[in-house]
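J.: As a plain string of letters, each chain reads:
6 protein chains.
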Amino acid sequence: MKKVAVFRKEHFNAAHRLHNPALTDAENARVFGKCNNVHYHGHNYELIVKVVGDIDPITGYVIDMKVLSDIIKIEVLDRFDHKNLNLDVPEFASINPTAENIAVVIYDLLRKQIPSEHSLKITLYETERNFVEYPAE
Amino acid sequence: MKKVAVFRKEHFNAAHRLHNPALTDAENARVFGKCNNVHYHGHNYELIVKVVGDIDPITGYVIDMKVLSDIIKIEVLDRFDHKNLNLDVPEFASINPTAENIAVVIYDLLRKQIPSEHSLKITLYETERNFVEYPAE
Amino acid sequence: MKKVAVFRKEHFNAAHRLHNPALTDAENARVFGKCNNVHYHGHNYELIVKVVGDIDPITGYVIDMKVLSDIIKIEVLDRFDHKNLNLDVPEFASINPTAENIAVVIYDLLRKQIPSEHSLKITLYETERNFVEYPAE
Amino acid sequence: MKKVAVFRKEHFNAAHRLHNPALTDAENARVFGKCNNVHYHGHNYELIVKVVGDIDPITGYVIDMKVLSDIIKIEVLDRFDHKNLNLDVPEFASINPTAENIAVVIYDLLRKQIPSEHSLKITLYETERNFVEYPAE
Amino acid sequence: MKKVAVFRKEHFNAAHRLHNPALTDAENARVFGKCNNVHYHGHNYELIVKVVGDIDPITGYVIDMKVLSDIIKIEVLDRFDHKNLNLDVPEFASINPTAENIAVVIYDLLRKQIPSEHSLKITLYETERNFVEYPAE
Amino acid sequence: MKKVAVFRKEHFNAAHRLHNPALTDAENARVFGKCNNVHYHGHNYELIVKVVGDIDPITGYVIDMKVLSDIIKIEVLDRFDHKNLNLDVPEFASINPTAENIAVVIYDLLRKQIPSEHSLKITLYETERNFVEYPAE
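Chains as they are written, first to last, in the numbering used here: chain X, 1 to 137; chain U, 1 to 137; chain L, 1 to 137; chain P, 1 to 137; chain A, 1 to 137; chain Z, 1 to 137.
In isolation and in its complexed conformation, chain X is listed as follows (with noise of 0.2 Å):
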């Protein structure tokens, strides 16, 4: 079979600060500096998702963009657009919303929801000159 990777790109504008709760204030403005301000800033995240799989010989899809944009909508836009991801996303409660924590908690998302014989990647852009890919090639 021919295995072929297929991307779908989606967007979310969310909120956040970088912060740990194990650090001292000052730690966190000096390992943070401007990416703690307290009252938060915030991006427009653009995501890219990848899955890996055979041609269906009856579609010719690897899996159809409808539906993996629909499974993107409910397990991430939903949830992280126009949202502060410190405050009103439970995954952030305890995790620091970096783009390298955001990435892996999208794809433990739609890990669950992606049949299982394709492989997933994410790539997340916080900005145009800064991003991030879980699994790492």
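Not one of these hints is a red herring.
All copies of an identical chain are treated as equivalent in the list; a pair is satisfied when it fits inside any one copy or across any two copies.
The calculated lysine to aspartate or glutamate pairs, modelled on EDC-like cross-linking and capped at a C-alpha distance of 20 Å, are:
id, residue 1, residue 2
1, LYS9, GLU128
2, LYS66, ASP78
3, LYS3, ASP64
4, LYS121, ASP70
5, LYS112, GLU10
6, LYS66, GLU117
7, LYS112, ASP78
8, LYS121, GLU75
9, LYS9, ASP108
10, LYS3, GLU137
11, LYS34, ASP78
12, LYS50, GLU137
13, LYS66, GLU10
14, LYS73, GLU128
15, LYS73, ASP108
16, LYS9, GLU46
17, LYS2, ASP54
18, LYS66, GLU128
19, LYS121, ASP54
20, LYS34, ASP81
21, LYS34, ASP70
22, LYS2, ASP56
23, LYS66, GLU27
24, LYS121, ASP108
In case anyone wonders, no lab produced these hints; they're calculated from the structure.
Following the hints, put chains U, L, P, A and Z in place on chain X, whose structure we already have.
T.: Showing chains U, L, P, A and Z alone in chain X's frame:
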């Protein structure tokens, strides 16, 4: 003289919330929807500053882009970047930080610093799909 | 009042063919070249709708972007997206679907739905390298 | 030797329709939705061709980009650009022109022309939000 | 008649150096900074040519994009692409090749070739963040 | 541990010329065409640096992007930006500055500064349509 426009693109990342204190909470929720989230959300704002003037025969510049960039940094980026527009930027204490109003505030901040013989226009992208221009052509 | 322009970007994917039935086949082939292919070709059209008006003092908006987006969806996307412009869109039964003419048709469709105190402009990208604007500035 | 990947980006504009003749019309409509429109729709396809090999010590190239671009032009653009994939490209007479299948067809066309010591990968953007890669990493 | 603007985007890669021979070396270094490097630096210039006119009722075009592209190729690309603007392009023997001046030179080259009933505007990107427009709106 | 890749995008503007001194002038002209222009040409190079490693449980970072950006500035931008690669950058005194070779040189410069437990990859865009990656996947 030959009138030329020069453009400088900058960006800042900020949290905000759309809210009019003159309206009830129910009215705010109805008018602003998910943009009214009490915990804020955020954006990567892309800012394009347009300055129109004559070409200086000595430099070949309308305005030195380094000078323009420094003005934008001092007047806008240092005050807006990694901030909560509603809480950290005094101009929005009484003005709802819609893209329209942010563009007007940025225009007023920069207008004082750009030589009066130059005309000025602000384009502000809130997302790739939603953007504004002031003054409108 | 402060005149501000707001812009909303949308897209649609369509097939088309450039052809003037008043010309002979040979003339059509000469004038339109490969764009005259009898079997059609297609594009990802990027549409930017510009609306100019005063900022509403209650909302801080020129026009609610959700309302504008819904108007574009009903008037343009639902009628043009995943369609053959020549065969499926009645306006092009007698008008050659060049980018210029598509922009004029979209303007006429939207003009009826946008409040008359607002001015309107259409920018349409046929490709990243070829685009048009109507009315021209 | 140092293995380097070089990438060349090209594009073509084409009409297509998703349709499996082994399915009934009702099944095709259900599976492919608006992509099944009998009159076709179309896309600006962005194609990225990746070639991996050693750096030639004389030229400093993995492969001359002019040569690679010419191969893509002859094998892909001259056959796909401004065409109807279903009707004008023989490969899709019996293969449904999904992005996945188009990428595999392009790979097979180019594989014969790229020196065998070079590995090859195809990335194909159907829209900015939907794209595929073959072979998958 | 309906005035429509059409835009064609092209690009060229060139070396240049900002230098005014009427200034001393020290003054040039102070005014132009690293852009005054005696060995030159370079850019991928993105050029957008805007032509405004009536839609031709026979073709549906303001101007045939193939014709416009050919004019730009002959007048600009063949003379500027892969060149050193200061040394290889006669217009810059006595004019400092700032983005402002390059735009004016390109306007003057194209103005002679574009029918006089069409208005013309040049946008030139020196980088993604620095660009100019002539004549200014 | 969870391996995550982080990416930082930077850019520099430089002049260069493709030329192999071991070849005759006629051979250089034949092999490198207009890229062999004796007066140089130039590019806006876009550089993406990929670093792979474990997420630090204290910071939530693979590597602090500010630290990574500073390393790139010192090792690459301060030495390449607004320079003539052939004349101003010692590494290219004897190496032809093709995109392939520039990527390898940048990799070698950064590899010494990035902690050894992190893997490293360089992507370098010479133009939007021509780019390279080292080491190749």
